[in-house]
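Put chain B on the given structure of chain A with help from the hints.
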Amino acid sequence: MPAELIFDGILILLLLMLAGGALHVRSLYNAIVLFIVFGLLLALTWARLGAVDLALAEAAIGAGLIGVMLLAALARSDAEPGPRSGRAAIIVSLGLGGLLVAMLTRAVWPLAQNTAALPDMVEIQLAASGVSHPVTAVLLNFRGWDTLLELVVLLLALLGVRQLGRTTMQLPTAWPILRAWSRLLAPLTIMIGGYLLWRGSVAPGGAFQAGAVLAAGAVMLNLAGLLPNIRWDSGLTRSLILGGIAVFALVAVGTHWFGAGWLDYPLNWSKPLIVLIEIAATLSIAVSLTVLVIGENEQPSP
Amino acid sequence: MPELTVWMSWLSWPFLLGGVFFFLAGTLGLLRFPDVYSRLHAVTKADTLGLGLLVAGLSLRSDSWQSVGLMIMVWLLVMASGATACQLLARYQREAESSKATTEHRQANDAR
Chain A
1 MPAELIFDGI LILLLLMLAG GALHVRSLYN AIVLFIVFGL LLALTWARLG
51 AVDLALAEAA IGAGLIGVML LAALARSDAE PGPRSGRAAI IVSLGLGGLL
101 VAMLTRAVWP LAQNTAALPD MVEIQLAASG VSHPVTAVLL NFRGWDTLLE
151 LVVLLLALLG VRQLGRTTMQ LPTAWPILRA WSRLLAPLTI MIGGYLLWRG
201 SVAPGGAFQA GAVLAAGAVM LNLAGLLPNI RWDSGLTRSL ILGGIAVFAL
251 VAVGTHWFGA GWLDYPLNWS KPLIVLIEIA ATLSIAVSLT VLVIGENEQP
301 SP
Chain B
1 MPELTVWMSW LSWPFLLGGV FFFLAGTLGL LRFPDVYSRL HAVTKADTLG
51 LGLLVAGLSL RSDSWQSVGL MIMVWLLVMA SGATACQLLA RYQREAESSK
101 ATTEHRQAND AR
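Residue numbers (full-length UniProt numbering), protein chains in the order written: chain A, 1 to 302; chain B, 1 to 112.
Don't read these hints as lab results, they were simulated from the structure. In this text, a Cβ means the ideal position worked out from N, Cα and C, and glycines have one as well. Be a bit skeptical, because a hint or two may be false.
[Unchecked claim] A short, non-exhaustive set of chain A residues, derived as facing chain B with CB atoms under 8 Å:
hint	residue
1	Leu-178
2	Ile-192
3	Tyr-195
4	Trp-269
[Claimed, not checked] Pair ranges (Cβ atoms, derived):
hint	chain 1	residue 1	chain 2	residue 2	range
5	B	Gln-93	A	Asp-8	35 to 45 Å
6	B	Ala-90	A	Asp-146	45 to 55 Å
7	B	Met-73	A	Gly-9	29 to 39 Å
In isolation and in its complexed conformation, chain A is listed as follows:
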């Protein structure tokens, strides 16, 4: 027991130090590197808490893709860190931070007392959800509405980024060793992505994690110069991105029209419907994240 306490204590200390460093270090590049390490340690923390789903998502999206996005943004900008904020701003942000900590403590405290009623309710209803992993049951059955809106948020983010800039990074020609290594890793990412998607119904995994792993593979191939930039113009890209939301919304409308209500699956249909939504959502998330990171090379039309 004390060994685990020591490990957790070191983990928490490291997290706080990395977060402080990422915020306060002078060079933006160093801040990004610290942020990526912070994401990896946060994934480890989620795993220690038993939230393997979150750990996978944090490692793939929080540390991996967001790290690449921040580095790409840094390469495109020549912004220097601004002047240090004044005393009043520091006091105000400390006050706001304290308020947030107080509210979060209040929200998290019942979990420590183990009096939260929700896990038991999920366990009771699990048999009727069509899947045997409680997280997937919550995400795609009990609270399917939230997941549908998350996909919409991702689409909005993508559309917002598309409005921002047309500049693309000038990548140097990739060295042969990077190309060879990407060729070796690409099949692995497809295998792991497919595995995470398939395992999602019985164990940690699912659409977001699988999509992030697939997107990471695509980004790596692109950086190695093996995959052309994914173009928004192509109908395939757009239909894959919209497919996730479209399938989800069609299922929602269908269950509303023919069944008991909005996203209330018929009992025997829940498993196939959930798997169908997960597959469409995985492809949509994978392509969306890929386009977010490497964008498309929009040539000015001649």
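Only chain B this time, still in chain A's reference frame:
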């Protein structure tokens, strides 16, 4: 046969301690060595060996072949990615140094 598991559990200790030693040595090298190349050398080689020893030690204590296989595959993947990242970083550093050297050379020529 319970004796065998006890034996293997004892046998795993040198591997585990050796793994920890090499991890510490690699980290010390990363922190204390003077230039990029020797730091890369320390962190990639010593950590790969350390991880290999840890995997060997944990395999001796593991009770299923499946987890042994998984750990060995993780080790192979980390070894390959460590070697690749080391080569990439070293080459980046060498090109940065050589381009810096040429610009300095050119500036010296211009000044003359």
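Hint by hint, work out which the structure violates, then give me just those numbers in ascending order. 2, 3, 4
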